[in-house]
Amino acid sequence: MSAVYCFEGAGSVLEVFEDKVKIMPKGFLDKLLHGGERNIPYTSIQSIQFREAGGLLAGRIQFIVPGANGSEDMANAVYFSSAGNFAAREIYEFIEQAVAKPRNPEVAGGPASMSDELIKLAELRDRGILTEEEFLMAKKKILS
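The sequence shown begins at 632 in the numbering used here and counts up by one.
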């Protein structure tokens with residue numbers, strides 16, 4: 632699969648695909664500070680932060696993912712100069728739309744079978760979402 636966009640930032644390269652982004656540090660120091668390349672699927676992105684470059688401030692596209700701490704957040708960002716503002720905004724808007732797309736498309740089909748419903752109930756009970764009493768009541772309702 633080829634990249635839809637390829638953007639060279641200050642210290643890293645951002646490749647944008649239909650289903651993910653890839654951030655690749657450019658130099659030895661960037662690799663040392665932020666680790667190797669990062670692949671971030673759109674389904675893992677909680678939000679995107681965008682700031683245009685201006686004056687003395689670098690621009691930034693940053694991907695917020697669950698469980699990332701401060702240093703990981705920095706590794707999930709691409710910085711750029713004001714010359715990259717236009718391209719960065721275009722890339723940001725593309726990714727924002729891709730992340731906003733429904734993640735689980737509706738599947739046409741008939742109603743779930745009784746065994747499927749019982750399996751789902753058991754999973755909810757095992758995960759602690761349903762109490763044993765709630766599970767037994769729902770099971771009785773399905774079986775009747």
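No wet-lab data here; the hints were simulated from the structure. Here the structure is a predicted model, which is why all the values come from computation and not from measurement. There's no promise every hint is true.
To be verified - Taking lysine-lysine and the DSS-like style, the derived pairs with C-alpha atoms no more than 30 Å apart in a straight line are:
(1) LYS732 - LYS751
(2) LYS732 - LYS653
(3) LYS651 - LYS770
What the hints assert, rightly or not - FRET-style restraints, in silico, Cβ to Cβ:
(4) THR762 - ASN670: 49 to 55 Å
(5) SER678 - GLU721: 17 to 23 Å
(6) PRO672 - ASN716: 33 to 39 Å
(7) ILE671 - ARG720: 17 to 23 Å
(8) LYS751 - GLY686: 50 to 56 Å
Glycine included, C-beta positions come from ideal geometry on N, C-alpha and C.
Notebook entry, point to check: In ascending order, which of the hints set out earlier in this document are inconsistent with the structure?
Noted result: Those not satisfied are hints 3, 4, 6.
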